[in-house]
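There are 2 protein chains.
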Amino acid sequence: MSHILRGAAVVGQSGGPTAAINASLAGVIEACILHADVIPKVYGMRNGIEGFLEERLTCLNPLFTKEDGLPDTDGALKMLINTPASALGSCRKKLPKPADDPGFYENLLSLFKKYDIRYFFYIGGNDSMDTVAKLTEYLRTTDYEMRVMGVPKTIDNDLMGTDHTPGFGSAAKYIATEMQEIVRDCAVYTVKAVTIVEIMGRDAGWLTASAALPNLVNGEGPDYVYLPEVPFDMDAFFGDVARAFERHPNVVIAVSEGARFADGHYVGEGTQSGAVDVFGHKYLEGTAKTLENAVKEKFGCKVRSIELNLPQRCASHLASATDLSESFLCGEEAVGAAVDGLSGKMIAMKRAENPAYRFGYDIRYATKDIASIANAVRTVPREWIVPENNNVTDECLRWILPLIQGEAEPVWRDGLPVHFVIK
Amino acid sequence: MSHILRGAAVVGQSGGPTAAINASLAGVIEACILHADVIPKVYGMRNGIEGFLEERLTCLNPLFTKEDGLPDTDGALKMLINTPASALGSCRKKLPKPADDPGFYENLLSLFKKYDIRYFFYIGGNDSMDTVAKLTEYLRTTDYEMRVMGVPKTIDNDLMGTDHTPGFGSAAKYIATEMQEIVRDCAVYTVKAVTIVEIMGRDAGWLTASAALPNLVNGEGPDYVYLPEVPFDMDAFFGDVARAFERHPNVVIAVSEGARFADGHYVGEGTQSGAVDVFGHKYLEGTAKTLENAVKEKFGCKVRSIELNLPQRCASHLASATDLSESFLCGEEAVGAAVDGLSGKMIAMKRAENPAYRFGYDIRYATKDIASIANAVRTVPREWIVPENNNVTDECLRWILPLIQGEAEPVWRDGLPVHFVIK
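So the protein lines, in turn, are chains A and B. Following numbering that gives the first Met the number 0, the numbering of the first sequence begins with 0 at its first residue and continues without gaps. Following numbering that gives the first Met the number 0, the numbering of the second sequence begins with 0 at its first residue and continues without gaps.
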């Protein structure tokens, strides 16, 4: 254990929303309040590092502390845990390299000093860990002591260095549940029909794989799932559909938004805008729509495409209790590790085997060097995709299954979930 | 009370799936089992009247009766109630007029006689009530005594003669909850953006109106909702968006798939296929997509369109407990009324005021003459839409609110809801 560093903390959220990112925020807040002797104040930066630069800070202690000084675990924090999307707002700012723009970092440093900020917690995905890494790199060149910790978050489950990412389990549970419901819906008619469901995940197929979970649990899932990790072949796809029609009239398919042909072109490229986001990612749309048109032409049957769209990442009402609990603990662990003296790390989860638990599943928390995390993408292993490239193995599904266990228990008022909105 | 009519019952489901149509089926089954002295057998017709003509019948008693002869209320029936879509399958067959095709009806009659069917229960929407009406009309010309009852069902809430329709409350609860979650998701960035959510309901705006429920409950709903009952005006719409941008950067809009211009053309007509279903309804797609392109061109800002799609009608995991309970009772009432001697009727709900209940809301069950129901559409009253045609009144929302109260409690196994599949 390092020396005790007294000062304020600031916490921010960055990147796309998830159903669990506020659970991690709640974990950071609760741990800061419990460490009030070391961390007298925890600020929330509004809209991530962008808002911080504009000094848009909200002191969070009054919102989440009871009169006795303890965290309001069963009140405001519980509501926050069950609120989707980033309660502090988000940003997609890519930080310059410290060597390229020292003025940018000097500006940041003056604000850290102004608010006596000694702890910096950033909850986000790959791009956010890049922010944490650059800030850590810069701080090494100064004599200002501040401890910087990353808390992982992404529905895509594509971060390196952690068994899985907070937010993934809830998205997977939503997708699996909706797929099962859609399969039931599609089963009611006897007319031949193909339903194609498009699922998020540009480069990693973890979410698309989750669509097949009902097959493992009760045999009532989609006929095929197509991941971005392996090439998509239109003729093989038509063959798959034809074979499914031999089994039943209602064919249901899940496809990743990032599915692409062997030549690297996205399946949905025909109908995409060609735009890229600030990180250079191609903005996609219409993979399922493209396949809908292809199947319609080939088979002449009824075809329909469905994009599960935003609810995949914000359906807090159907969050995984396991995911929310792990996300909260990741936030808590980040504060604990920083108070203990660590910096420049990301909290990681390690899967441990414990026969006493459900599916023998247990999680230990650890820290990973941030430089080893940023900007690398973890995909579904080749051996977890069947040789025909049209499904995942049971081993893959058994790996995902523990992450969707348990149902969130939001507070309901007048028939709707209660969200905690930080004004 | 009429004389006692002994014989078998048959129950079918028709039209589009809902999250509550199996609750009505469960109500019919439970009541038949409880009336086993009069109704010794209840058959399920697979895929509605179409399957009945092919004698695809399943005797339901063994699946839902306990060893002691009582209905398996806490087991199979509970699972069935929480299963989305028509467990017996559905069809979209439009019956000929009895005078036009007497052979068709003689065929039906011979099957009623073959199975000694004396009770006919049909769960469905407008088109299904048309089936019930025609069958009733035909039976009057024969000396075969069979009692025919319609049980209403449709997420669209567009049936005449009943306060509201079973299935609507669950769809409304899903839509309102997702809208609230989408509003939270959209609020995280500071960049100007418009999100347009397309909602089911070709001619009636009840579901689109439900998107505004979060505004009533907690002020966190969409900026505007556009119903099919009033003309859509593109310039007025642009004005609405511009005014919303003065309040906040993230504009969220709900629009009916059936929104149309003053000249009667659908907003989504530009991108629609032009196909019609067997009832002559125009098949629509792309209302939100059309508006997305229009807003992009006009404002040059980030725009995104979302179709809530099938989950609106099959998200059993988020069904309204009020809706499931009412749907079940409608099924039970149909059996009770038929045993009491009624025929050619639809079960209807009447709203009663009872200060002892939540929101003072209470429901009484009644029967309506089937001929007065079929083929008429009930829309949102003009006075419940604001003069600017871009929202609904609080009075409208207060009318819908009781119908989304309470949360379904599906059985969960291994992280997914358990559905009852009739093999």
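Keep in mind that the hints are not guaranteed to be accurate.
If several chains are the same, the list does not tell them apart, and a pair holds so long as it fits within one copy or across any two.
[Claimed, not checked] Pairs of lysine-lysine residues, derived as DSS-like cross-links and limited to a Cα-Cα distance of at most 30 Å, are as follows:
(1) Lys96 <-> Lys422
(2) Lys65 <-> Lys112
(3) Lys93 <-> Lys297
(4) Lys295 <-> Lys93
(5) Lys133 <-> Lys112
(6) Lys367 <-> Lys65
(7) Lys349 <-> Lys288
In case anyone wonders, no lab produced these hints; they're calculated from the structure.
Are the CA atoms of Lys133 and Lys112 at most 30 Å apart within a copy, between copies, both, or neither?
This pair counts as within: shortest intra-copy Cα distance 18 Å, inter-copy 81 Å.
Within a copy, between copies, both or neither: where do Lys96 and Lys422 come within 30 Å Cα-Cα?
Classified as neither; 33 Å inside a copy, 62 Å across copies.
With identical chains, the pair Lys295 and Lys93 could be close in the same copy or across copies; at 30 Å between alpha carbons, which is it: within, between, both, or neither?
between (42 Å within a copy, 25 Å between copies)
When no copy is named, should Lys349 and Lys288 be tagged within, between, both, or neither for a Cα gap of at most 30 Å?
neither (38 Å within a copy, 43 Å between copies)
Is the C-alpha distance from Lys65 to Lys112 at most 30 Å within one copy, between copies, in both cases, or in neither?
Cα proximity of Lys65 and Lys112: one copy only (29 Å, versus 72 Å across).
When no copy is named, should Lys93 and Lys297 be tagged within, between, both, or neither for a Cα gap of at most 30 Å?
Classified as between: cross-chain Cα gap 29 Å, same-chain 44 Å, threshold 30 Å.
For Lys367 vs Lys65, is the C-alpha pair at or below 30 Å within one copy, between two copies, both, or neither?
For Lys367 and Lys65, neither the intra-copy (34 Å) nor the inter-copy (56 Å) Cα distance is at most 30 Å.
Violated hints, in rising order: 1, 6, 7; the structure is consistent with all others.
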